[in-house]
Amino acid sequence: MTSTDAFIAIREVEKFYGSFQAIANVSMDIRHGEFFSLLGASGCGKTTLLRMLAGFESASSGEICIDGQPMSEVPPYLRPVNMVFQNYAIFPHLNVRDNIAYGLRRLRLPRSKRHEMVEEILDLVKLPGYGDRRANELSGGQRQRVALARALILRPKVLLLDEPLGALDKQLREQMQVELRRLQRSVGITFVFVTHDQEEALTLSDRIAVMAGGRVLQVDTPSRLYEAPRSREVANFIGTMNFLGARVVSRANGHLRLDIEALGQLDLPAGGTPLSEGDRTCVAIRPEKITLHKDRPGGDAPALSGTLEMTTYLGERSHFHVRVPGCDNSFSVSAQNNTIQGGEGQASGRPVWLTWRDDALFVLGKD
Amino acid sequence: MSDVSYIRRPNRLLQIYACIFLIVLYVPVLFIPLFSFNDSIYVRFPLQGFTTNWYADLMRRDPLWAALMNSLRVGLSVAVISTFLGVLAARAITRYRLAGQNALVAFIMLPLVIPGIIFGVALLVLMSRMGVPLSLYTVALGHLIVCLPFAVATLLPRFEGFDRSMEEASADLGENPWWTFWRVTFPIVYPGVVASFLLTFTISFDEFIMAFFLSSTDATLPMYIWSQLRFPREFPSVLALSSIILLVSFALVFLALRIGRLGSVRKPGAGSNGAD
Ligand SMILES: Nc1ncnc2c1ncn2[C@@H]1O[C@H](COP(=O)(O)OP(=O)(O)O)[C@@H](O)[C@H]1O
Ligand SMILES: [Mg+2]
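One line per chain: the protein sequences are A and B, in this order.
So for the first sequence, my numbering puts the first residue at 1; every next one is plus one.
So for the second sequence, my numbering puts the first residue at 1; every next one is plus one.
Some hints here could point you the wrong way.
As the list claims (entries may be wrong) - From the structure, some residues in chain B lie toward chain A, with a derived Cβ separation under 7 Å: (1) ALA122; (2) LEU124; (3) SER128; (4) GLY161; (5) GLU167; (6) ALA169; (7) ALA171; (8) LEU173; (9) GLU175; (10) THR185.
Because the hints were derived from the structure by calculation, they are not lab data.
Nothing here was measured: the structure is a model prediction, and the numbers come from that model.
Virtual Cβ for every residue (Gly too), placed ideally from N, Cα, C.
Let's have the full structure, built from the sequences with the hints guiding it.
Below is the structure:
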């Protein structure tokens, strides 16, 4: 990515609370009009990073630029960003209309114009006729929309959202996900969205930054994150993954010759990994990319034999745990239940064989 | 009603206790207005007939009006200053993690439990040591010490319930700290400020011991009343004056409690209407 499409540029930002490092040397670019998510377990520093974008926390070192402007000296009330708070922070002493019109005071608009804008945005967030309600007369989903409307009416360059759907029940959350996505497309504002829910991040985002322990592990599109995670941590965080220990035998022409446990020697594309001869690493494969055979498959494709440990029936698909001699962990295999008997009749302890397409197996970075 | 919850069931014993409690508390007080309308200089039964002479008599006393003005001046200054200091203290206590915070709060609340007479004597000694002449200013200083704990105690719950993200939301929506204070912080804590103001004013207005020790020739209203008690013929007028003070004090405290409760009933809570 070139620096020209970096609408928000985060450069070597660190944040210390006392001696505790909440953010460790984060650099990344967020593009204009993008739906960008910060994904990570609770306590990994997502809120801290978001609050630094909003200006509520200052970076201990490093620089944040928004639309080319360095932000370190700019107080929150002068930044071209608006935030939807985790608890929504609806003003309790104002009704919905005054909450939404709160930021319009400085624009010195005539009263009728202001009113019109509020009604318009109420329609946009699907709360028409709610202007006179008080904050405590709203449900969780409605408060969330008011918070959204209050921020969007100012047409910020960037909208920051801190786990805005976390407090909602599952059904409402899914409904709001669709609406958020629709809204983001229609207003064309850059969204920076914080969540700990990987499914939510995969559903909504153009790109995702996976965070852990104050660091950004990988920034990529949802499909790239799923199909080609660069480290074991990322692979583990998004979906389920099988890992096999490996050692690099040699590296030539963008390919690695690896000595893999239970599989023996194999050539794999090196991708962007910085591995060299002698490094210990991992190869990985997703459970749904493995085919389970009850009988020894023909041909000379690589196949592993093992014993079936456990079967979990999940309706549309089944999950199998297969123990393979020479591997530390048992294999996770997922299969669509195409036929009626599906996952049934798979007695544990029976021998099975595992095969996959060549390109399903890929190598991760250094451990 | 059959759908009264368990905790709301009427409790006969408790009701009787409450009645006795209120009678013991307020019946003596009720004798004051009763005898203030009695057409006799003696406070005793049977009542002699209805008169408003004692009230009319109050109008003709210049020292009384001077004392009233003194009390109002002291009371208003003390209310303004102690509420202002209370706001700062409550904000600091709730906003920042101060070192030795609990000790600080205890220290602020200490005058509540120290007898007024001890504080009065101590301040008197201090003032004379430092050569500060006694005046209404020294009275106000004494009242300030008495009132500050009440101001802090009234304001603290308001500020404790104050959500920091409200101010951040305001800043986020483009308002600078000045506007944020007036558009968000103040409206949210305002009921507590008014309650503190009314309460501290009432306390200062009624206070006697501090004023007794710390005033010179300018008497406050309670001191004026006390000085009149030596003359038996003045007693009905004192009763009339006391009745008026009682009425105003009750009204102010009632108002303070009403306003203090405002806003706390409309605390934000998730609506019960579920999904929209
Ligand atoms: N004001 C603060 N003072 C000290 N530590 C903090 C403060 N805010 C956050 N932290 C710490 O920083 C880490 C990251 O917090 P946060 O950004 O809120 O995580 P997340 O939003 O990803 O759950 C946590 O370990 C948290 O305890
Ligand atoms: Mg958080």
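Consistency of the hints with the structure:
1. ALA122: 42 Å, violated
2. LEU124: 45 Å, violated
3. SER128: 49 Å, violated
4. GLY161: 10 Å, violated
5. GLU167: Violated, because the Cβ-Cβ distance from B:GLU167 to chain A comes to roughly 9 Å (cut-off 7 Å).
6. ALA169: 4 Å, holds
7. ALA171: The hint holds - B:ALA171 has a Cβ within 7 Å of chain A, the shortest such distance being about 4 Å.
8. LEU173: 4 Å, holds
9. GLU175: At 6 Å from the nearest chain A Cβ, B:GLU175 passes the 7 Å test, so the hint holds.
10. THR185: 11 Å, violated
In this structure, the hints that do not hold are numbers 1, 2, 3, 4, 5 and 10, in rising order.
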